[in-house]
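Peer 1: Sequence order for the protein chains is P and W. Under this note's numbering, think of the first position of the first sequence as 390, with each following residue one higher. Under this note's numbering, think of the first position of the second sequence as 23, with each following residue one higher.
Hints listed in this document are in silico derivations from the structure and should not be mistaken for laboratory results. Glycine included, C-beta positions come from ideal geometry on N, C-alpha and C. Worth double-checking, as some hints may not be accurate.
Claimed, not checked - Going by beta-carbon spacing under 8 Å, a handful of chain W positions derived as facing chain P:
hint, residue
1, 50
2, 54
3, 57
4, 60
5, 130
6, 134
7, 136
8, 138
As the list claims (entries may be wrong) - Here are the simulated DMTMM-like pairs of lysine to aspartate or glutamate, each with C-alpha atoms no more than 20 Å apart in a straight line:
hint, chain 1, residue 1, chain 2, residue 2
9, P, 452, W, 52
10, W, 124, P, 453
11, W, 65, P, 426
12, W, 125, P, 415
13, W, 124, P, 448
14, W, 122, P, 453
What the hints assert, rightly or not - Label pairs and their calculated CB-CB ranges:
hint, chain 1, residue 1, chain 2, residue 2, range
15, P, 468, W, 149, 19 to 29 Å
16, P, 438, W, 73, 51 to 61 Å
17, P, 429, W, 148, 37 to 47 Å
18, W, 148, P, 431, 24 to 34 Å
19, W, 203, P, 456, 34 to 44 Å
20, P, 479, W, 179, 29 to 39 Å
21, W, 225, P, 433, 39 to 49 Å
22, W, 142, P, 433, 37 to 47 Å
23, P, 430, W, 108, 23 to 33 Å
24, P, 430, W, 142, 49 to 59 Å
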Amino acid sequence: MFAPLDPLLHSQLRLAIMSLLMNVEEADFNYIKEKTESTSGNLSVQVNKLKDANYIKVEKSFKDNYPLTKCKITKNGINAFENYLNALRSYIKPN
Amino acid sequence: MNNLGFKIKVNFGVVKIKRKMKNEELEVKESLNIISEMVNASKHNLAEDSIIYLMWGYGVAISAIVHYVLQYHIGINEAFYIWLSMPILGIINFIYFAKKEKKKRVQTYINRAMAYIWLGFLFVILSLLAISPQINWTGVYPVFMFFYGMATISSGGILKFKPLAIGGVISILLGIIAAYLAFEYQLLLLSLAIICSFVIPGHLLKNTK
Chain P
390 MFAPLDPLLH
400 SQLRLAIMSL
410 LMNVEEADFN
420 YIKEKTESTS
430 GNLSVQVNKL
440 KDANYIKVEK
450 SFKDNYPLTK
460 CKITKNGINA
470 FENYLNALRS
480 YIKPN
Chain W
23 MNNLGFKIKV
33 NFGVVKIKRK
43 MKNEELEVKE
53 SLNIISEMVN
63 ASKHNLAEDS
73 IIYLMWGYGV
83 AISAIVHYVL
93 QYHIGINEAF
103 YIWLSMPILG
113 IINFIYFAKK
123 EKKKRVQTYI
133 NRAMAYIWLG
143 FLFVILSLLA
153 ISPQINWTGV
163 YPVFMFFYGM
173 ATISSGGILK
183 FKPLAIGGVI
193 SILLGIIAAY
203 LAFEYQLLLL
213 SLAIICSFVI
223 PGHLLKNTK
């Protein structure tokens, strides 16, 4: 009856990161940090987990001598997010 | 006794399952909250670039009226020099977006679509100016008004902001009327077109939150 929820997405910060990236083309690490109100350390760990699962693409570069990390959702990530949404739906009782 | 023990065990099981379901429901709600929060947080800020619409809107509207008054009421034939205001606004515009680009930390579909519409608009306007000696000036202004309209209708659609789209339609209609009038009245209609397509929507955009 209940569809299984992707454990990779069923976590507060990782879900927040994915929801943000679903809505934009690409975002800077600091942008995600500000919007999700998370700490650099925690965000960095969760971003790496999503990257390892190939849900997001991370590009590291420099801008004016400051490190710049850009994140972008992948096709795989979009699919996973949509599946997660569908699974969530199965938990909501129709009235 | 045994019977009772069994019953208690079964009941515990039911309670456990019920509690588990309740927890999951809460988590589902929480998940939905997170998603909607993040969607809201990354929403395009409509008021963001309203200053640019206002700058160009007032710039063109005032220049057109000054041109009209100087040339047709005071009799200065070099009144068209007032349009040198445009390259000045162009430089301000360039600096504004260069600064914004430097601070930009997110790329959205909306930003990209808007950037390309206005880039195309800029090329067309510059090309029109370049070929203006080939066309009669009375033919140039109505076409300007068509392009103001085209760009603001598309922007209004992308931003889901109707006043911009409506202003664009009015600008195109005024362009059609202007094509049948003398140059001096075209100046006034140009001013009116830009007020409808830039100034009014610009003020309305500024007030959206």
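Peer 1: Now tell me if each hint is right for this structure.
Peer 2: Cross-check of the supplied hints:
1. About 4 Å separates the beta-carbon of residue 50 of chain W from the nearest beta-carbon of chain P, less than 8 Å, and the hint is met.
2. At its closest, the beta carbon of residue 54 of chain W sits 7 Å from a beta carbon of chain P; the interface hint therefore holds under the 8 Å criterion.
3. Annotation: interface hint on residue 57 of chain W holds; nearest CB of chain P at approximately 5 Å, less than 8 Å.
4. Among the interface hints, the one on residue 60 of chain W holds; its C-beta lies about 4 Å from the nearest C-beta in chain P, closer than the 8 Å criterion.
5. Using the Cβ-Cβ criterion of 8 Å, the hint placing residue 130 of chain W at the interface with chain P is satisfied: the shortest such distance is roughly 5 Å.
6. Interface restraint check: residue 134 of chain W against chain P, minimum CB-CB distance 7 Å, threshold 8 Å, status holds.
7. The criterion of a C-beta within 8 Å of any C-beta in chain P is not met by residue 136 of chain W, whose closest approach is roughly 13 Å, and the hint is violated.
8. Annotation: residue 138 of chain W was flagged as interfacial toward chain P, and the flag is violated, the nearest CB pair being 13 Å apart, outside 8 Å.
9. Between residue 452 of chain P and residue 52 of chain W the CA atoms are separated by roughly 36 Å; this puts the pair beyond 20 Å, and the hint is violated.
10. Straight-line distance between C-alpha atoms of residue 124 of chain W and residue 453 of chain P comes to about 9 Å, which keeps the hinted pair within the 20 Å bound.
11. Restraint check for residue 65 of chain W and residue 426 of chain P: satisfied, since their Cα atoms lie roughly 16 Å apart, inside the 20 Å limit.
12. At most 20 Å may separate the alpha-carbon atoms for a hinted pair to count; residue 125 of chain W and residue 415 of chain P meet this at roughly 14 Å.
13. The straight-line distance between the Cα atoms of residue 124 of chain W and residue 448 of chain P is roughly 18 Å, inside the 20 Å bound, and the hint therefore holds.
14. With a CA separation close to 15 Å, the supplied pair residue 122 of chain W and residue 453 of chain P stays within the 20 Å bound.
15. The hinted range of 19 to 29 Å is not satisfied by residue 468 of chain P and residue 149 of chain W, whose Cβ atoms lie roughly 44 Å apart.
16. Checked against the hint of 51 to 61 Å, the C-beta distance between residue 438 of chain P and residue 73 of chain W comes to roughly 41 Å, which is inconsistent with it.
17. The given range of 37 to 47 Å is respected by residue 429 of chain P and residue 148 of chain W, whose C-beta atoms sit roughly 45 Å from each other.
18. Look at residue 148 of chain W against residue 431 of chain P: about 49 Å separates their beta carbons, and that is not inside 24 to 34 Å.
19. Distance hint for residue 203 of chain W and residue 456 of chain P: a CB-CB separation of about 59 Å, inconsistent with the stated range 34 to 44 Å.
20. At about 35 Å, the CB distance of residue 479 of chain P to residue 179 of chain W agrees with the hint of 29 to 39 Å.
21. In this structure the hint that residue 225 of chain W and residue 433 of chain P lie 39 to 49 Å apart at CB holds, the actual value being about 43 Å.
22. As the Cβ distance of residue 142 of chain W to residue 433 of chain P is approximately 40 Å, the hint placing it in 37 to 47 Å holds.
23. Between residue 430 of chain P and residue 108 of chain W, the C-beta spacing of about 50 Å breaks the proposed range 23 to 33 Å.
24. At about 44 Å, the CB distance of residue 430 of chain P to residue 142 of chain W disagrees with the hint of 49 to 59 Å.
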